[in-house]
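K.L.:
Sequence:
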Amino acid sequence: MVATIVTLTLNPSVDRFLEVPRLTLNEVNRAVRVRSAPGGHGLQVAWGVRTLGGESAAVFVCGGESGRQLVQSFSSAGVSVRPVWTSEPTRQNVDIIDLATREHTRVHEPGATVGRRLLEEVEEAFFELAEGAYSIVIGGSLPPGVDKRYYAQLARKAAQRGFAVVADATPDALAEIIQARPFLVKPDQEQTEALLGRLLYAADEFALAAKEIAQRGAQWAIVSIGRLGGFCSDGSRCYHYYGPAVEAQNAVGVGDAFLAGLLTALQQHKPMQEALALGAGAGTACAQSDEGPFFSAELARQLAEEVRVEEMAL
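Sequential numbering of the sequence shown, starting at -14, is according to our numbering.
Hints are computed from structural coordinates only; laboratory data are not their basis.
Take the hints with a grain of salt, since some may be wrong.
[Stated by the list, open to error] Beta-carbon label-pair distances, calculated as ranges: (1) Leu299 / Asn11: 49 to 57 Å; (2) Arg7 / Gln204: 45 to 53 Å; (3) Lys133 / Trp70: 23 to 31 Å; (4) Glu94 / Tyr135: 33 to 41 Å; (5) Asp173 / Val231: 28 to 36 Å.
Built from N, CA and C at the ideal position, the CB exists for glycine as well.
Please put together the full structure from these sequences, using the hints given.
P.N.:
Structure follows, in structure tokens:
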């Protein structure tokens, strides 16, 4: 049996996407297309892993009809779910897409308040599911009532139990998470610059940044720079990966799709070079999808064949 990838989402959402021909402020705008999708870093990673044929489980806080909608959607998709119920309904976000410019205007609700008792329930469920898991994924926005350093605290607890932690968090939390020696961290350019305290411009600077983050404690560090790919290091080796140039249709969930592809390949005991290729393929497929954050597994694997992964000499 393949070990599961377990994700945690403290502040999930049901996201509504409204497509309008051209967004005009202070006017009535009529949507020509409306759709819904699950929101939240962990949920989108779990969905992506399952889409690519991997095994995933999701722990998330939810409530109300919108929460029941999330549970039903993920259960139907084959994701093992462990909802932790609260009296407040799961938040609903709105994303208005201007079809003329492809610009997105987002309005996000704050989410349900998560107090100490509920947080204890979440941790109990999370660590119970994590027993025997391949890796655990933490990150995403924090709901009202949760300390901003919570992910760092959780990473330390997970590391003490021997779990392979994958983290995507704010620079302040990331600095502490790295000290817990996680399996993998994946900051973007802005987060990396904030973490290291310097601006990055050239390829060798990004590569050295990934190497430095890994040497600080992460087993693997991936510095993502969007369309230009990214750099992955274990503190000694460093890989530069980049995919085919495509016209992006969507920006929602692209980073989560990348992480889903990467972890699915690693879950299946593929080498890091192949995992980076599938990650970049899944991220690119998501960027091309008009159903974001959903993407086609077939297209992700086709695009992975076009991804270049090169080892750099540092």
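K.L.:
It remains to establish, for every hint, whether it holds in the given structure.
P.N.:
Here is what the structure says about each hint:
A hinted range of 49 to 57 Å holds for the C-beta pair Leu299 and Asn11, which are about 53 Å apart. At about 47 Å, the CB distance of Arg7 to Gln204 agrees with the hint of 45 to 53 Å. Distance hint for Lys133 and Trp70: a CB-CB separation of about 24 Å, consistent with the stated range 23 to 31 Å. Between Glu94 and Tyr135 the CB atoms are about 20 Å apart, so this pair departs from the stated range of 33 to 41 Å.
Distance hint check for Asp173 and Val231: the Cβ-Cβ separation is about 19 Å, which falls outside the suggested range of 28 to 36 Å.
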